[in-house]
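S.K.: Line by line, the protein sequences are chains A and B.
Read in our numbering, the first sequence has 95 at position 95, and its numbers run on one by one without any break.
Read in our numbering, the second sequence has 19 at position 19, and its numbers run on one by one without any break.
Simulated from the structure, these hints should not be mistaken for lab results.
Accuracy of the hints is not assured; some may be wrong.
One copy or two, it doesn't matter: identical chains are merged, so the pair holds either way.
Unchecked claim - With a straight-line cut-off of 25 Å between C-alpha atoms, the simulated PhoX-like cross-links for lysine-lysine are:
| no. | residue 1 | residue 2 |
| --- | --- | --- |
| 1 | 344 | 72 |
| 2 | 360 | 302 |
| 3 | 329 | 302 |
| 4 | 348 | 3 |
There are 2 protein chains.
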Amino acid sequence: MIKIGILGGGQLGRMMFQETIGLDLDIQFLDDNRHFPVGRIAHQFTEGDFTNYDDVMAFAQKVDILSIEIEKVNLDALFELEKQGKKIHPNPRALEIIQDKAIQKQFYKDHHLPTSDFIVLKDKADVLEALDAGSISYPFVQKARKDGYDGKGVAVIRGQMDHDKLLDTPCLVEPCVDIEKELAVIACKNERGDIVSYEVVEMVFDPEANLVKYLFSPAEVKVAYAQKCRSIAEELIQKFDISGLLAVEFFLDTSGNILINEVAPRPHNSGHHTLDAAICSQFENHIRAIANLPLGSTKQYKMGAMVNVLGEDGFQGYTIYIGMEDILKMEDVHIHMYGKAITKPKRKMGHINILGDNRKEIEEKIAIIDQYFKVIA
Amino acid sequence: MIKIGILGGGQLGRMMFQETIGLDLDIQFLDDNRHFPVGRIAHQFTEGDFTNYDDVMAFAQKVDILSIEIEKVNLDALFELEKQGKKIHPNPRALEIIQDKAIQKQFYKDHHLPTSDFIVLKDKADVLEALDAGSISYPFVQKARKDGYDGKGVAVIRGQMDHDKLLDTPCLVEPCVDIEKELAVIACKNERGDIVSYEVVEMVFDPEANLVKYLFSPAEVKVAYAQKCRSIAEELIQKFDISGLLAVEFFLDTSGNILINEVAPRPHNSGHHTLDAAICSQFENHIRAIANLPLGSTKQYKMGAMVNVLGEDGFQGYTIYIGMEDILKMEDVHIHMYGKAITKPKRKMGHINILGDNRKEIEEKIAIIDQYFKVIA
Numbered sequence: 001m002i003k004i005g006i007l008g009g010g011q012l013g014r015m016m017f018q019e020t021i022g023l024d025l026d027i028q029f030l031d032d033n034r035h036f037p038v039g040r041i042a043h044q045f046t047e048g049d050f051t052n053y054d055d056v057m058a059f060a061q062k063v064d065i066l067s068i069e070i071e072k073v074n075l076d077a078l079f080e081l082e083k084q085g086k087k088i089h090p091n092p093r094a095l096e097i098i099q100d101k102a103i104q105k106q107f108y109k110d111h112h113l114p115t116s117d118f119i120v121l122k123d124k125a126d127v128l129e130a131l132d133a134g135s136i137s138y139p140f141v142q143k144a145r146k147d148g149y150d151g152k153g154v155a156v157i158r159g160q161m162d163h164d165k166l167l168d169t170p171c172l173v174e175p176c177v178d179i180e181k182e183l184a185v186i187a188c189k190n191e192r193g194d195i196v197s198y199e200v201v202e203m204v205f206d207p208e209a210n211l212v213k214y215l216f217s218p219a220e221v222k223v224a225y226a227q228k229c230r231s232i233a234e235e236l237i238q239k240f241d242i243s244g245l246l247a248v249e250f251f252l253d254t255s256g257n258i259l260i261n262e263v264a265p266r267p268h269n270s271g272h273h274t275l276d277a278a279i280c281s282q283f284e285n286h287i288r289a290i291a292n293l294p295l296g297s298t299k300q301y302k303m304g305a306m307v308n309v310l311g312e313d314g315f316q317g318y319t320i321y322i323g324m325e326d327i328l329k330m331e332d333v334h335i336h337m338y339g340k341a342i343t344k345p346k347r348k349m350g351h352i353n354i355l356g357d358n359r360k361e362i363e364e365k366i367a368i369i370d371q372y373f374k375v376i377a
Numbered sequence: 001m002i003k004i005g006i007l008g009g010g011q012l013g014r015m016m017f018q019e020t021i022g023l024d025l026d027i028q029f030l031d032d033n034r035h036f037p038v039g040r041i042a043h044q045f046t047e048g049d050f051t052n053y054d055d056v057m058a059f060a061q062k063v064d065i066l067s068i069e070i071e072k073v074n075l076d077a078l079f080e081l082e083k084q085g086k087k088i089h090p091n092p093r094a095l096e097i098i099q100d101k102a103i104q105k106q107f108y109k110d111h112h113l114p115t116s117d118f119i120v121l122k123d124k125a126d127v128l129e130a131l132d133a134g135s136i137s138y139p140f141v142q143k144a145r146k147d148g149y150d151g152k153g154v155a156v157i158r159g160q161m162d163h164d165k166l167l168d169t170p171c172l173v174e175p176c177v178d179i180e181k182e183l184a185v186i187a188c189k190n191e192r193g194d195i196v197s198y199e200v201v202e203m204v205f206d207p208e209a210n211l212v213k214y215l216f217s218p219a220e221v222k223v224a225y226a227q228k229c230r231s232i233a234e235e236l237i238q239k240f241d242i243s244g245l246l247a248v249e250f251f252l253d254t255s256g257n258i259l260i261n262e263v264a265p266r267p268h269n270s271g272h273h274t275l276d277a278a279i280c281s282q283f284e285n286h287i288r289a290i291a292n293l294p295l296g297s298t299k300q301y302k303m304g305a306m307v308n309v310l311g312e313d314g315f316q317g318y319t320i321y322i323g324m325e326d327i328l329k330m331e332d333v334h335i336h337m338y339g340k341a342i343t344k345p346k347r348k349m350g351h352i353n354i355l356g357d358n359r360k361e362i363e364e365k366i367a368i369i370d371q372y373f374k375v376i377a
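Just need the whole structure built from these sequences, with the hints factored in.
M.R.: This is the structure:
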């Protein structure tokens with residue numbers, strides 16, 4: 001039996017594990033601690049550090065195919081393993097490009113794929129100098145080249161009053177885009193070259209709080225826009241030559257341009273609804289793809305929405321769920337908690353999928369979830 | 001957090017585990033060997049014998065709620081634990097009735113629930129005596145009072161030529177029923193008394209081989225028959241006062257009578273399609289019910305069929321799947337292998353669910369599965 005190893009044992013690994021139990025594959029995970037989301041439930045779990053060369057090399061000896069559920073893994077080990085003939089998905093070169101947002105952006109430019117303009121800068125002083133020199137102007141977005149996630153490593157600078165938000169790290173600077181909608185597509189490719197993509201997802205914002213309220217799929221956009229997003233995502237996964245998943249985030253601007261924002265070569269928040277809304281989830285398709293099996297159908301039966309469940313502000317400590325009964329009473333609402341032993345303010349603790357035949361009904365259910373379901377300590 | 005313990009670590013436990021990962025409950029399993037279906041994947045697994053009093057008592061100390069995935073557990077331990085105040089689902093008295101088919105049949109009679117006539121006999125000699133005395137006559141069905149499953153412990157005796165099939169064990173004898181269809185319903189009740197039931201399922205037989213080809217849901221029977229089956233199942237789970245699942249198998253005879261055949265107080269083969277065809281699967285509902293949580297919707301989106309995957313005749317040894325690729329290529333066909341390390345002829349190795357909008361399309365997919373997918377060694 002082919003042995004698969006996953007670097008990372010967080011929620012994405014947990015859902016890969018859950019979704020492929022029926023395929024009876026041999027899947028193991030590497031992460032720091034048995035008490036992380038995968039280790040708490042899965043038998044085949046190795047404690048170790050996926051950013052450490054030796055730990056990755058040792059773990060890889062147990063498996064035939066190595067994949068990831070987080071980008072921040074030890075690249076040197078992956079390049080060396082690839083040289084030794086181990087199957088690595090996504091390929092280390094793609095991962096290296098994606099790990100550095102400046103190189104990632106340059107990749108889009110080189111391949112004539114649409115993305116906003118940008119310049120690469122060294123640090124905070126360099127940004128201030130560029131402002132003085134007029135090579136960038138307000139408002140702009142500064143992004144750390146490495147290690148950003150979930151909005152961390154990104155600063156929106158509207159004027160001098162925002163200078164204390166500037167990141168003092170290698171970065172790129174982009175002009176602010178006049179965003180009509182934020183969209184995302186997950187593409188999937190196996191080694192033999194089959195490619196599929198999921199329906200386009202839209203981020204729905206709370207107009208008052210300016211925070212993402214929920215994700216909705218299929219996105220309510222013109223068919224031509226949806227097709228363009230999917231075809232870009234499918235082209236990109238081919239250009240990167242990735243086996244596995246590639247999640248692509250887009251801006252649709254107010255002039256109707258579709259711009260690639262950034263990508264992730266793994267299961268992604270924007271595909272969590274596929275657990276319940278699609279015939280084959282992103283997690284199952286990731287494993288099918290890296291094992292070079294036929295890909296599953298990405299078709300959606302129903303409209304699907306996804307709400308992230310974040311740790312409640314003001315609570316830190318052992319996780320307690322409040323209001324789960326209210327959620328379990330609702331029809332076609334599916335709870336996916338990640339088994340994190342400790343909650344912290346705004347930590348991603350789980351998500352809830354809501355299916356339905358009309359958007360109004362789905363939004364009513366989301367309002368109930370927002371009101372009753374909390375993660376406290 | 002409430003701790004749940006399950007006696008048994010076979011495929012039914014494996015699917016309970018898989019289906020409730022998102023609820024982040026604390027679920028542990030007891031079975032002989034780590035290499036059984038649950039132990040191979042789940043972290044929280046204890047090696048021990050669920051038919052052994054001491055093993056069950058020790059395991060129970062770790063949990064608040066104790067349930068089963070197999071009937072054949074140590075009843076003395078369950079009665080003692082119940083006395084000590086442990087929550088036991090199903091309750092030991094119901095389990096005791098169900099473990100013995102003679103007492104089970106008497107229970108239906110006592111509650112005026114429809115079932116075929118029967119007499120209780122001691123052994124093979126007693127059956128032959130009853131034949132001589134004319135209190136039973138050909139053709140009849142002899143059933144062992146205890147430990148029968150998957151057709152084992154049942155003999156159909158059409159005449160003297162079948163006498164070598166007679167079981168020499170405490171048994172009951174029923175007249176053969178003129179069966180129009182074999183149907184099944186799974187009911188679910190939680191401790192607070194909410195009751196739901198799934199759509200009626202029908203066993204579809206191969207007319208030549210006279211073997212079950214697949215299970216189909218919702219059964220193609222008159223609405224009145226379906227309603228009657230569901231209402232009997234819901235009444236039965238209440239009469240047994242079971243929290244959890246009760247699977248009820250029925251005969252619909254050629255005169256339109258609905259007769260209870262037998263029951264199982266746990267997830268059941270006739271509910272395996274609910275993993276993919278119902279909003280909330282039987283496995284998730286079993287765990288919700290024993291944890292006294294609100295029950296999930298039993299609604300089906302689409303027609304669903306289920307094919308058991310049995311070990312191929314002539315093969316015994318380490319499990320090898322043949323033809324999985326052909327199955328993965330089909331849309332809305334879902335593979336559920338049980339992770340059994342060793343295959344044997346006719347051993348239940350997994351099942352495959354097939355969803356669709358029309359029965360013809362589903363039957364075409366089943367023909368492909370039958371042709372290509374095999375479990376060999």
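S.K.: Take the hints in turn and mark each one as holding or not.
M.R.: A quick look at each hint next to the structure:
1. 344 with 72: Answer is within: at 22 Å inside a copy they meet the 25 Å cutoff, but 44 Å across does not.
2. 360 with 302: This pair counts as both: shortest intra-copy Cα distance 14 Å, inter-copy 23 Å.
3. 329 with 302: This pair counts as both: shortest intra-copy Cα distance 20 Å, inter-copy 22 Å.
4. 348 with 3: between (30 Å within a copy, 24 Å between copies)
Checked against the numbered hints above, the structure breaks none of them.
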